[in-house]
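Enquirer: In case you want the letters, here they are:
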Amino acid sequence: MKRLLSLAIALIAICGLLAYSSQSLERSSGSTGSKVLNLYNWGDYIDPSLLTKFQKETGYHVNVETFDSNEAMYTKIQQGGTHYDLAVPSEYMVAKMKRAHLLRPLDKSKLTGWANYDQRFLNQSFDRDNRYSIPYFWGTLGIVYNDKYVKASEVQHWQDLWSPRWKKQIMLIDSARDIMGMALITLGKSMNTTNPQTLLAAQKKLDQLSPNVKAIVADEIKMYMIQDEAPLAVDWSGEAAEMLAGNSHLHYVVPREGSNLWFDNLVIPKTAQHTKAIYAFLNFMSQPDNAAQNATYIGYATPNQRAKERLPQAIRNDRQFYPDEQTLRHLQVYRDLSPTKVELYNDRYLEFKMHH
Amino acid sequence: MIALTKRKTWLYFIPYGLWLALFVIAPVALIIYQSFFDLGHHFTLANYSTYFASATYLKMTVNSVWYALLITLFTGLISYPTAYFLHQLKHRQFWLLLVILPTWINILLKAYAFIGIFSQAGLANQFLTFIGIGPQQILFTNASFIFVATYIQIPFMILPIFNALDDLNPAFINASRDLGASNWQTFRRVIFPLTLPGVKAGVQAVFIPSLSLFMLTRLIGGNKVITLGTAIEEHFLTTMNWGMGSTIGVVLIIAMIIVMTLTGDQKPKGGAPR
Numbered sequence: 001m002k003r004l005l006s007l008a009i010a011l012i013a014i015c016g017l018l019a020y021s022s023q024s025l026e027r028s029s030g031s032t033g034s035k036v037l038n039l040y041n042w043g044d045y046i047d048p049s050l051l052t053k054f055q056k057e058t059g060y061h062v063n064v065e066t067f068d069s070n071e072a073m074y075t076k077i078q079q080g081g082t083h084y085d086l087a088v089p090s091e092y093m094v095a096k097m098k099r100a101h102l103l104r105p106l107d108k109s110k111l112t113g114w115a116n117y118d119q120r121f122l123n124q125s126f127d128r129d130n131r132y133s134i135p136y137f138w139g140t141l142g143i144v145y146n147d148k149y150v151k152a153s154e155v156q157h158w159q160d161l162w163s164p165r166w167k168k169q170i171m172l173i174d175s176a177r178d179i180m181g182m183a184l185i186t187l188g189k190s191m192n193t194t195n196p197q198t199l200l201a202a203q204k205k206l207d208q209l210s211p212n213v214k215a216i217v218a219d220e221i222k223m224y225m226i227q228d229e230a231p232l233a234v235d236w237s238g239e240a241a242e243m244l245a246g247n248s249h250l251h252y253v254v255p256r257e258g259s260n261l262w263f264d265n266l267v268i269p270k271t272a273q274h275t276k277a278i279y280a281f282l283n284f285m286s287q288p289d290n291a292a293q294n295a296t297y298i299g300y301a302t303p304n305q306r307a308k309e310r311l312p313q314a315i316r317n318d319r320q321f322y323p324d325e326q327t328l329r330h331l332q333v334y335r336d337l338s339p340t341k342v343e344l345y346n347d348r349y350l351e352f353k354m355h356h
Numbered sequence: 001m002i003a004l005t006k007r008k009t010w011l012y013f014i015p016y017g018l019w020l021a022l023f024v025i026a027p028v029a030l031i032i033y034q035s036f037f038d039l040g041h042h043f044t045l046a047n048y049s050t051y052f053a054s055a056t057y058l059k060m061t062v063n064s065v066w067y068a069l070l071i072t073l074f075t076g077l078i079s080y081p082t083a084y085f086l087h088q089l090k091h092r093q094f095w096l097l098l099v100i101l102p103t104w105i106n107i108l109l110k111a112y113a114f115i116g117i118f119s120q121a122g123l124a125n126q127f128l129t130f131i132g133i134g135p136q137q138i139l140f141t142n143a144s145f146i147f148v149a150t151y152i153q154i155p156f157m158i159l160p161i162f163n164a165l166d167d168l169n170p171a172f173i174n175a176s177r178d179l180g181a182s183n184w185q186t187f188r189r190v191i192f193p194l195t196l197p198g199v200k201a202g203v204q205a206v207f208i209p210s211l212s213l214f215m216l217t218r219l220i221g222g223n224k225v226i227t228l229g230t231a232i233e234e235h236f237l238t239t240m241n242w243g244m245g246s247t248i249g250v251v252l253i254i255a256m257i258i259v260m261t262l263t264g265d266q267k268p269k270g271g272a273p274r
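Chains A and B, in that order, give the protein sequences. Note that the UniProt record's numbering gives residue 96 to position 96 of the first sequence, counting from 1, and the numbers run on in steps of one. Note that the UniProt record's numbering gives residue 239 to position 239 of the second sequence, counting from 1, and the numbers run on in steps of one.
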């Protein structure tokens, strides 16, 4: 008993000491003073050397906290008690946060970098006139294939996935909207349809894909593809970029007939406290050199036109991540559907999963 | 004096009462309450009618129960002989500890380890290639899902059976032998009936969690098996249809009550003290 007690006391003392020293370390690095910026971002979604550069230029220290899903981020901001100055939601979540009055409008007069952005990526349906959001990165949904097993010419269109050749060869990302969307595009319909008949047809179409589906998984898809577990996958371009970096046999195709166009965006949550730092950071990140450096580091497509021009030719002309004008015109942004409409998608998708 | 002891007993009840109210009664009440609301926060019975009128949900229920049964069955088939064997050993507490050890590791980490073992270039396939069978698709099959689920549940079955064997008075076994019963007869007529409560406790500890497994169905099963747990996860995280998710939760709670009743102690009438 005595030994147990002294052990417990020792443990508490060690924890207290560690807490104290970490706090004093933070204070000495200036992260709890007023010259800070609290950024709430996806994991590994900004070049760390840019943060150092930003502090050197402006004196603001950036505290980065990370989340792993839009929903988790939404809940944390909604619950309050946090002091995030900037967050990086995807487009449908921007619309949702806007409706829930969780966002603060942008003061355009304080922004210096607007002219750098590509007009095609501004003024989207989820945030008209960009009142609340600045696009951070954009991307698509497409097909990842391994050239050891699949020829490029064999998977240029969504319909190619239905070929009997790919029996149990395809991995799908576990996302109702994206997989239903893929079927809708194949049928020549809109990815935002809310017609129950059309959605039923899409489910029937997916049911026919079942024999070819090896698994419906989430983030693990990256690991599987890199390890040659499957020759084909349907996933987002951002995930694809990481796969391609891990296995040189992998390639990414955005089918010409259409696909999803998604955005991650910088927004100012209601919880923001450091207005000056926020606008300093937004302007810093919209500078072409910085945005280009960030895009090179992350590997996603930048909506910053001036930055894109500064990228190495091999990246700038990479049709995998910067599709040509023709394809780009066929990409569709998800509209924020009402919960009952989303339910329609989910019910059909669940039935497809049961069937498979 | 008596009044004082009584008050003291009440004091001891406070932590348990709080626990019961906060972590058992309140959540169950909330789930039942939520299950009566639709997406627009209107009171409705539609969730239940949807559940019982939809082929998808009924099939999913049948699937879940079937897989939970299989998992429980395999777990039992492995656990009983193991517990019996462990119980005969000299340092049995030590060997038992080794069986329990894996439960200290997070279930997700174990699932990821199995992904490595079962993948195309994994250990299992290397072995199959070595013995001349050649690589097989192991991941994303029903068999691999049941295998991993069984592996994870085994300690929860072994423990109660082991304890039941521990509680078994050796005098009964000796008496059975003295009266001329063979080993098999002793096992069938004495040991097994007396350790049945342990088996029942094990079934309770394995069957219910198996009904609602969801991470394994995706990681190991590749969503080939859709259980009620998968549907709940989807309704709470993706669809945000808490009403429907709660309805499935209520169904699971009812399933739990049924299993508890079926495996509960059926004492003979009169409840003679044992």
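It is possible that part of the hints are untrue.
To be verified - Pairs of lysine-lysine, DSS-like flavour, derived with a Cα cap of 27 Å:
1) A/LYS56 x A/LYS276
2) A/LYS205 x B/LYS59
3) A/LYS167 x B/LYS59
4) A/LYS56 x A/LYS76
5) A/LYS53 x A/LYS96
6) A/LYS270 x A/LYS96
7) A/LYS308 x A/LYS76
8) A/LYS151 x A/LYS167
9) A/LYS204 x B/LYS59
10) A/LYS53 x A/LYS276
11) A/LYS108 x A/LYS276
12) A/LYS205 x B/LYS110
13) A/LYS276 x A/LYS35
14) A/LYS108 x A/LYS35
15) A/LYS341 x A/LYS189
16) A/LYS167 x B/LYS224
17) B/LYS110 x A/LYS204
18) B/LYS110 x A/LYS168
19) A/LYS341 x A/LYS205
20) A/LYS168 x B/LYS224
21) A/LYS341 x A/LYS204
22) B/LYS224 x A/LYS270
23) A/LYS341 x A/LYS108
24) A/LYS53 x A/LYS189
25) A/LYS341 x B/LYS110
26) B/LYS90 x A/LYS168
Claimed, not checked - Facing chain A, according to a computed beta carbon distance under 7 Å, are these residues of chain B, among others:
27) ASN174
28) SER176
29) GLY222
30) ILE226
31) THR239
What the hints assert, rightly or not - Footprint (simulated), chain B over chain A, 3 or more residues, beta carbon under 8 Å:
32) 92–101
33) 264–271
Calculated from the structure, these hints are not laboratory results. Model, not experiment: these values are computed from the prediction. Even glycine gets a Cβ: it sits at the ideal position worked out from N, Cα and C.
Enquirer: Below or equal to 27 Å on CA atoms is what counts here, so check A/LYS56 against A/LYS276.
Expert: 16 Å, holds
Enquirer: Can you confirm whether the C-alpha distance between A/LYS56 and A/LYS76 stays at or below 27 Å?
Expert: 30 Å, violated
Enquirer: Are A/LYS276 and A/LYS35 close enough, with their CA atoms no more than 27 Å apart?
Expert: 9 Å, holds
Enquirer: Given the hinted pair A/LYS308 and A/LYS76, is their Cα-Cα distance within 27 Å?
Expert: Violated. A/LYS308 to A/LYS76 sits at ~33 Å, over the 27 Å cutoff.
Enquirer: Holds or violated: A/LYS205 and B/LYS59, Cα atoms, limit 27 Å.
Expert: 21 Å, holds
Enquirer: Is the straight-line distance between the alpha-carbon of A/LYS108 and that of A/LYS276 27 Å or less?
Expert: 13 Å, holds
Enquirer: Decide if the proposed pair is consistent with the structure: B/LYS110 and A/LYS204, CA atoms, cutoff 27 Å inclusive.
Expert: With a Cα-Cα distance of about 36 Å, the restraint between B/LYS110 and A/LYS204 is violated, given a limit of 27 Å.
Enquirer: Verify the coverage statement for the segment 92–101 of chain A against chain B, using a C-beta to C-beta distance below 8 Å and requiring 3 or more qualifying residues.
Expert: violated (count 0)
Enquirer: Compare the distance between the alpha carbons of A/LYS270 and A/LYS96 with 27 Å, and conclude whether the hinted pair is satisfied.
Expert: Status holds; Cα separation ~14 Å.
Enquirer: Hint check: A/LYS151 vs A/LYS167, CA-CA at most 27 Å. Holds or violated?
Expert: 16 Å, holds
Enquirer: Holds or violated: is the Cβ of B/THR239 closer than 7 Å to a Cβ in chain A?
Expert: 5 Å, holds
Enquirer: Starting from A/LYS167, check that the Cα of B/LYS224 is at most 27 Å away, please.
Expert: 15 Å, holds
Consistency note: the structure conflicts with the earlier hints numbered 4, 5, 7, 12, 17, 22, 23, 24, 25, 26, 27, 28, 32 and 33.
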